[in-house]
Amino acid sequence: MAAPDTATIGGSLRTEFRRLGDALRAELFKVTHRRMTYILLGALVGLMVLFYGILWLRIRQGPDRETARAIANWLSLESTMSFQNVIPYGLGLERFFATLVCVIFAGTMMGNEYDWRTVGLVVGRGVRRWHFIFAKLAISLLFTACAVVVGFLAAMAASAWFTHLYGLPYGPMDGVRLWDALASMVRLAFVISPSVVLALLFAVTWRSAGQAVGAALGIYFTEGIFTNLLTNARGWLSHIPEGLVNFNGDAVMRANGRVGNAGDSGAFIFGSGDAPLWRATLIISIWILVAMVLFFWQFQHRDVQE
Amino acid sequence: MPDNVIDAQGLEKRYGTTVAVGSVDLVVERGRVHGILGPNGSGKSTTVRMLLGLAKPDAGRVELFGQPISSLSVDLLRRVGSVVETPSFVPYLSGRDNLKLLEIYTPGVDAESIATALDRVHLMEAAGRRFKTYSLGMKQRLGIAAALLNDPELVILDEPTNGLDPQGTREVRELIPELAAEGRTVLLCSHLLAEVELVCDAVTIFQRGRVVAHGLTRDLIGGKSRLEVRTPDLDTAEAALRTSRWASSLHREAGAVFIDGAGNDGTAVNELLVGHGQFASVLRPVNQSLEDVFFELTGQVTSDG
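One line per chain: the protein sequences are A and B, in this order.
Count along the first sequence from 1, add 12, and you get the number used in this note's numbering.
Count along the second sequence from 1, add 40, and you get the number used in this note's numbering.
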């Protein structure tokens, strides 16, 4: 029989780290053995390619009118799809799809533990609650990073093919651009993170995957609508979006670069937020922190099974 | 080492205005097979959840292995193996991978131990199948394998034979005394009276979130058993007994006097009868089953309530 482990009962720092590592390994084991992980990444790639494909079909039709403005718009749209503009345009496009995928991943990963009642199985075996949810948070953010990279690779592939087809410029291939690409992907992952943490928080609040995903996506979409409405308002109403995630997310994404006149598709992708980068970063960080604190506090203090 | 593996005092759990568990004391001694008996909804599983730290009591305290359980001392739970209600595992993983997952969370078990645990519950053949394809009985078996995986000192089994076929039920009933023989303490929650009577040497009976009786199984049954008295002159014998402390528990039936709750008092009754010149031709305890005791106790509470 297992003898009492007096060294671990003391709870040394080394033991804590080892057990935290165990929780992370266990979570990684679950997500790598889960088909949904790969389906979601596949769906993200599919959506990116599909969107580029639709734009390619649109471009193939040529300008809708023979006016100078329509031709300029058409040329601009063609330019946005070139490899030269893949960082701002591809990542701007990916923001929407990657948020959907990452929220579904995080909400189901945490919520299914309640739906399947497996959370009790783990906590009842002496795994510290905060180890369990720290692992959930870390793996969710890791998945977000993976999704951003995979989605961007899909955008690059689609864009490279399109650029080759139309003989458009690829842009410089140097270290500066590579660094810019990495920094831009980090910005995108950062902008997606509040929705991911919110999905985790809602999963603990309602002990359900479905409600977590629904609520987190609901907030993501409705916030975007309200932001667009309020930004066009006057007076104090117009300042409300400055404290919200979407508006500040737009501002952070603008640091990835602009694509001339991207036409209608550009307006959809680049949004309206135009706050200073430092303030936008600060506000998003505060939202992430608040959601994380509530997530940890709730899981630590509530019954895992009723 | 403390004698009590579980010592819970004054446990209370409320959900809104509903009292799920009210002022429950539960003491489980080391090495015993202790049964928690009660109808569905009597608070058995809620009590187990509080013991395992899955639900926090609104009042009272829980000690495991002589130490209070709290968020800082969850390490104590690494010495416990449990199956709470219907065993739950990750549905897309196989039975073996589910045990492997538990091994990652709480290391110290090798692949051989996983194979041994699966073999012990006769799941080796289905070990590679996804958990979601398992029958209820197979899920129960995997739950038991998981409970035994980390070689626990205390095994908590909540309705372990639920969904098992007669053969499986028999195997679990045989497994429980084996676990006790290996020096483990077993807490068995069940609503199956015969199961508890068969394998448990101590029992706590729950009704509507409260403990209505507890003690050694033999004492509970013996304490509630009747004493059958037959003498050549039954009228004189009854008159003598009417003058004793058993006066209010007497009744006459089918040519004998029965004394309720006096199953263990044969010697004293015999002395009394001899003192009155009566010699018993029959003097024997008529044991009740745990089922009789259970319905007497829970029925009494119902009518009082």
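Because the hints were derived from the structure by calculation, they are not lab data.
All values derive from a computational prediction rather than experimental measurement.
For every residue, glycine included, the Cβ atom is placed at its ideal position computed from N, Cα and C.
Take these hints with a grain of salt, some might be off.
Said to hold, decoys possible - Label pairs and their calculated CB-CB ranges:
#1 A:Thr-27 with B:Gln-207: 37 to 45 angstroms
#2 A:Leu-249 with B:Gly-50: 40 to 48 angstroms
#3 A:Leu-25 with B:Gly-301: 56 to 64 angstroms
#4 A:Ser-24 with B:Gln-207: 44 to 52 angstroms
#5 B:Lys-172 with A:Pro-75: 29 to 37 angstroms
#6 A:Ala-172 with B:Pro-147: 26 to 34 angstroms
#7 A:Phe-238 with B:Gly-148: 47 to 55 angstroms
#8 A:Arg-37 with B:Thr-126: 47 to 55 angstroms
#9 B:Gly-148 with A:Val-61: 43 to 51 angstroms
#10 B:Arg-170 with A:Met-185: 32 to 40 angstroms
#11 B:Gly-168 with A:Ile-51: 16 to 24 angstroms
#12 A:Leu-194 with B:Arg-70: 53 to 61 angstroms
#13 A:Arg-37 with B:Tyr-55: 29 to 37 angstroms
#14 B:Glu-69 with A:Arg-37: 19 to 27 angstroms
Claimed, not checked - With a Cα cut of at most 16 angstroms, we get these calculated EDC-like pairs of lysine to aspartate or glutamate:
#15 B:Lys-96 with A:Asp-315
#16 B:Lys-140 with B:Asp-191
#17 B:Lys-96 with B:Glu-52
#18 B:Lys-140 with B:Asp-159
#19 B:Lys-172 with A:Asp-127
#20 B:Lys-140 with A:Asp-127
#21 B:Lys-140 with B:Asp-150
#22 B:Lys-172 with B:Asp-137
#23 B:Lys-140 with B:Glu-125
Point to revise | 16 angstroms limit on alpha-carbon distance, applied to hinted pair Lys-140 (chain B) and Glu-125 (chain B) | key: violated (21 angstroms)
Review point. Is the hinted pair Lys-172 (chain B) and Asp-137 (chain B) satisfied, with a Cα-Cα distance of at most 16 angstroms?
Key: It holds: about 13 angstroms lies between the C-alpha atoms, which stays within 16 angstroms.
Practice item. Given the hint that Lys-172 (chain B) pairs with Asp-127 (chain A), test it: the Cα-Cα distance must not exceed 16 angstroms. Key: Distance of about 13 angstroms is within 16 angstroms: holds.
Point to revise | Distance restraint between Lys-140 (chain B) and Asp-150 (chain B), which requires alpha-carbon spacing of 16 angstroms or less | key: Between Lys-140 (chain B) and Asp-150 (chain B) the Cα gap is close to 9 angstroms, so the pair holds against 16 angstroms.
Check your understanding: Holds or violated: 29 to 37 angstroms for the Cβ distance of Lys-172 (chain B) and Pro-75 (chain A)?
Key -> violated (54 angstroms)
**Study point:** Range hint 56 to 64 angstroms (beta carbons of Leu-25 (chain A) and Gly-301 (chain B)) holds or violated
**Key:** For Leu-25 (chain A) and Gly-301 (chain B) the Cβ distance comes to about 59 angstroms; the hint holds.
Review point. Given the proposed pairing of Lys-140 (chain B) with Asp-191 (chain B), does the C-alpha separation stay at or below 16 angstroms?
Key: holds (15 angstroms)
Point to revise | Cβ separation of Thr-27 (chain A) and Gln-207 (chain B), checked against the hinted range 37 to 45 angstroms | key: At 43 angstroms between Cβs, range holds.
**Study point:** Given pair status - Asp-315 (chain A), Lys-96 (chain B), alpha carbons within 16 angstroms
**Key:** holds (6 angstroms)
Exercise for review: Look at the Cβ atoms of Leu-249 (chain A) and Gly-50 (chain B) and judge whether their distance stays inside 40 to 48 angstroms.
Suggested key: Violated, at about 55 angstroms.
Check your understanding: Between Ser-24 (chain A) and Gln-207 (chain B), does the C-beta distance stay in 44 to 52 angstroms?
Key -> holds (47 angstroms)
Check your understanding: Does the Cβ distance between Leu-194 (chain A) and Arg-70 (chain B) fall inside 53 to 61 angstroms?
Key -> holds (59 angstroms)
Hints 2, 5, 6, 8, 10, 14, 20 and 23, counting from the list given before, are not met by this structure.
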